[in-house]
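Start from the sequences and build out the full structure, keeping to the hints where you can.
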Amino acid sequence: KAGVTQTPRYLIKTRGQQVTLSCSPISGHRSVSWYQQTPGQGLQFLFEYFSETQRNKGNFPGRFSGRQFSNSRSEMNVSTLELGDSALYLCASSSQNTEAFFGQGTRLTVV
Amino acid sequence: SQQGEEDPQALSIQEGENATMNCSYKTSINNLQWYRQNSGRGLVHLILIRSNEREKHSGRLRVTLDTSKKSSSLLITASRAADTASYFCATDKSNYQLIWGAGTKLIIKP
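One line per chain: the protein sequences are P and U, in this order. Counting in the numbering used here, the first sequence runs from 9 upward without gaps. Counting in the numbering used here, the second sequence runs from 190 upward without gaps.
Incorrect hints may appear among the rest.
As the list claims (entries may be wrong) - Sample of chain U residues with no beta-carbon within 10 angstroms of chain P, all distances over it, derived:
hint : residue
1    : 196
2    : 197
3    : 206
4    : 211
5    : 216
6    : 242
7    : 245
8    : 246
9    : 257
10   : 269
11   : 274
12   : 297
Stated by the list, open to error - With a straight-line Cα cutoff of 35 angstroms, these simulated DSBU-like cross-link-like pairs (lysine-lysine) come out:
hint : chain 1 : residue 1 : chain 2 : residue 2
13   : U       : 258       : P       : 65
14   : P       : 65        : U       : 259
15   : U       : 294       : P       : 65
16   : U       : 298       : U       : 245
If you are wondering where the hints come from, they were derived from the structure by calculation, not from laboratory data. All C-beta atoms in this analysis are idealised placements derived from N, C-alpha and C, irrespective of residue type, glycine included.
Okay, structure coming up:
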């Protein structure tokens, strides 16, 4: 079974730009969660999608948004990038109430 | 925001020794999970313990859960260099969100 795939792996963007990250979950998993990981703040929950619906959202500004498609693939978008958005963005998929399987992450650097 | 707390924040031991990490949480849970993260990469699930379980083993890993104290511990026996990583606990509530601790950075010295 293929694992969770995140693309791209690395990204460099300029302040003010926007970025879209992609996550393909494990086949059959309908829940996809997104996390931001920084050295200072640790692992922070962004949002979770299930069957194309956002079920839960963390405490991030509206510049952070996401969506899920009918095939469970998910994208997250960050608009008007700030230097502080530089982080490792992790996606995880799961079946309900079971372990989460993580992708390798997308390393975003904002300059 | 982080609701789980792991301690210690960092742990350095000699290869072959046992490593113990603790996790405390604040609310009732369905289950508690431990994950490992190697430098800058995705997290790997290690073990899941349900709220009605007190102890669970997987290879060299032993996890305990004390729901009355809202705490869990992860014991890695006979540590190896490959165990060097950050270890996170995550609690699963019923609102489809894992609550994560800040992690314990484990270094195994050869």
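Structure-based check of each hint:
no., hint, in the structure
1, 196, "holds, 14 angstroms"
2, 197, "holds, 15 angstroms"
3, 206, "holds, 26 angstroms"
4, 211, "holds, 16 angstroms"
5, 216, "holds, 15 angstroms"
6, 242, "holds, 14 angstroms"
7, 245, "holds, 13 angstroms"
8, 246, "holds, 16 angstroms"
9, 257, "holds, 23 angstroms"
10, 269, "holds, 22 angstroms"
11, 274, "holds, 13 angstroms"
12, 297, "holds, 21 angstroms"
13, U:258 <-> P:65, "holds, 28 angstroms"
14, P:65 <-> U:259, "holds, 24 angstroms"
15, U:294 <-> P:65, "holds, 27 angstroms"
16, U:298 <-> U:245, "holds, 27 angstroms"
The structure meets every hint from the earlier list without exception.
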